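2 protein chains.
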Amino acid sequence: MDPREREVLERIEQRRRRPRRKLLEDRVTTSHGAGGKASRDMTEALFFPALGNDLLAPLDDAAVFDAGGVRLAMSTDAYVVKPLTFPGGDIGELAVNGTVNDLAVSGARPIALSAAFVVEEGLPIEDLGRYAASMGRAAEAAGVPIATGDTKVVERGKADGLYVCTTGVGLVERELTPASIRPGDRVLVSGTIGDHGMAILVARGDLALEVDLASDTAPLYGLCRTLLTGVAGVRCLRDPTRGGLATTLVELAQSADVSIGLDERALPVRPEVAGACEILGLDALYVANEGKLVAVVDPAEADAALAALRGHPLGTDAAIIGEVTAEPPGMVLLETALGGSRVVDMLAGDPLPRIC
Amino acid sequence: MDPREREVLERIEQRRRRPRRKLLEDRVTTSHGAGGKASRDMTEALFFPALGNDLLAPLDDAAVFDAGGVRLAMSTDAYVVKPLTFPGGDIGELAVNGTVNDLAVSGARPIALSAAFVVEEGLPIEDLGRYAASMGRAAEAAGVPIATGDTKVVERGKADGLYVCTTGVGLVERELTPASIRPGDRVLVSGTIGDHGMAILVARGDLALEVDLASDTAPLYGLCRTLLTGVAGVRCLRDPTRGGLATTLVELAQSADVSIGLDERALPVRPEVAGACEILGLDALYVANEGKLVAVVDPAEADAALAALRGHPLGTDAAIIGEVTAEPPGMVLLETALGGSRVVDMLAGDPLPRIC
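If you read the sequences in order, they're chains B and H.
For what it's worth, our numbering labels the leading residue of the first sequence as 143, then goes sequentially.
For what it's worth, our numbering labels the leading residue of the second sequence as 143, then goes sequentially.
By construction, these hints were calculated from the structure, which means they are not laboratory data.
Please read these numbers as outputs of a predicted model, since none were measured by experiment.
Just so you know, not all the hints are guaranteed correct.
Which copy is meant is left open, because identical chains are indistinguishable; a pair holds if it fits in one copy or across any two.
[Unchecked claim] Below, a list of computed lysine to any residue pairs in the SDA-like style, where the Cα atoms sit at most 20 Å apart: (1) Lys224 to Arg346; (2) Lys179 to Ile267; (3) Lys224 to Val411; (4) Lys179 to Arg484; (5) Lys224 to Pro495; (6) Lys164 to Gly230; (7) Lys179 to Val486; (8) Lys164 to Gly347; (9) Lys224 to Pro455; (10) Lys179 to Gly264; (11) Lys164 to Gly403; (12) Lys224 to Asp208; (13) Lys164 to Arg182; (14) Lys179 to Gly299; (15) Lys179 to Ser401.
Turn these sequences into a full structure, and let the hints steer you where they fit.
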């Protein structure tokens, strides 16, 4: 381990030893499930003390551990997206891709998935069959079998038709850690941001928006593999889902104890998403993605990484969006299109509930 | 592979090639989540065609597959038990033990768990903390870390406070398959049946029953290990949860293409459970267990297996309850206390919804 990496790990260790945050709320709110600041607070104040162990501590997309001499990655997600079907996908496809992606950005090749269904009594069998078929197709596209499952049924009025929980296991092909991030590194994103969250919002139909938008849900293992085999200097990958790109980058900056400077003009955003965000007073930086990759790369290889991403069908709109600096540690700063600069924090509250 | 094993596998293969059953219902009912006949029909008619692959096909408690040269077991379960806390445990402890047990009866040592929470908005943070702490303690008792997790929040009125989905990964220490079961083998159970389901029913308080009953929820890896290391002739283990002992034995008889003869007088049932069953018109054979083991054992080692189980704190009430015969294949026959004989089928309907 080089001195910089050791120093970062030591600082992270110090931070872990600090007294835990206390939750100020008495009751769970939707913010606690939004993947932003409140989710992080709950994890630190409640789940860590209750469940804490060395595997859980790094708070990455997947846990990585040894299994009989093999390095495994494991990740789980519950899906409560509303509506169950939306432009570009449905809960079944989303549940497969989301878990596959958490493994992929951890440098692992997904080898098996499990699926647990909580079904509302009265859901048409045909609908359940359609979501299951969608899972089957997504699993096949991702090249990973759904190896085991479970079904529970709850009374009418509960569960909104269907909740799905998928868990994935993968073989780690390359260990990636935020601790390897260094000042000077470049930050890349594989395409336009905010597509999934905005597609869900429009699909709910309670906005008077008529926008032609589709979720970007896609399996990212192939894209990760293309990047990792072509470019040696990839430090770390992330999958900016709930909480959006902003939350993911703040988490990275905090984990790596660095600063990330973002160039607003470089952020790829579809005009439809930008327009809808403006009308609704939302910031695309906080809107969820389900088929996008964030990569932090050695500056000497940033162009090669960009070319590798753009050469893949899922990365045609890839862009270099920022740079890592040493100071101020743990912060993300956005250089705006107007030439100003502002601090980007994690998502606060829950502007878009039930998006995944 | 010996000729008998090959023959069984061939017959199973033939059965798999038969046209799939069709579901007669239009909509999902609670029976589809009860772990009995309707659950099996839905799995065969809906999930197999949609998700089907070689791993899913055997329908065991856990999938077993190769991961970089290591044999892994993987199992998942959603928990929707009502009430969340009951005599003998709560949803957190149940969710850990249930998944640990599915791995243990597959001959695997659990090495990592994941936990996904679907939380109802408004659940007191204190309650969530208590269930998480209970999971943490259960995981520690089972010697397996909760390596990764996820939390989603749904609106008030959904999710009854909390649903939990746990998934476990284990290292296979001994491959166990129903195909190794032979006529003459003995069937053992590690203790009294029906305790969990009846404890939940009483805890709901809508029955006028005043019975002192507790769930038997417990981690079974230690008991499995004791049995497997002490007795070479263990063919197969099962964890008779939803659907009860009856459903588990019918599944075994069908998988192994054998008949199982049960001796009603040998079945260990607590007097309180027997009494409550009689009042409610239930059969303890169909009431769920959450800390019991079914073992099919070479007849020459049945006594040794019984002694091994009884020597463990979780197996003090173990009993030899039946014997495997060749005919009629796929059936379980109960020799009643009165000297009669009746066919035992899988659980039909859902007399006890939301027990796990």
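Going through the hints against the structure:
1. Lys224 to Arg346: Within one copy, since 7 Å is at most 20 Å while 31 Å is not.
2. Lys179 to Ile267: Between copies only: 16 Å across, 38 Å inside.
3. Lys224 to Val411: neither (23 Å within a copy, 45 Å between copies)
4. Lys179 to Arg484: Within one copy, since 18 Å is at most 20 Å while 60 Å is not.
5. Lys224 to Pro495: within (9 Å within a copy, 26 Å between copies)
6. Lys164 to Gly230: neither (40 Å within a copy, 30 Å between copies)
7. Lys179 to Val486: Only inside one copy: Lys179 and Val486 sit 12 Å apart there, 54 Å across copies, limit 20 Å.
8. Lys164 to Gly347: Cα proximity of Lys164 and Gly347: none, with 38 Å in one copy and 35 Å across.
9. Lys224 to Pro455: Cα proximity of Lys224 and Pro455: none, with 28 Å in one copy and 47 Å across.
10. Lys179 to Gly264: between (36 Å within a copy, 18 Å between copies)
11. Lys164 to Gly403: neither (30 Å within a copy, 58 Å between copies)
12. Lys224 to Asp208: Neither: 37 Å inside a copy, 36 Å across copies.
13. Lys164 to Arg182: The answer is within: 11 Å in one copy meets 20 Å, while 45 Å across copies does not.
14. Lys179 to Gly299: The answer is neither: 30 Å in one copy and 25 Å across copies each exceed 20 Å.
15. Lys179 to Ser401: within (18 Å within a copy, 58 Å between copies)
Hints 3, 6, 8, 9, 11, 12 and 14 from the list above are not met by this structure, while the remaining hints are.
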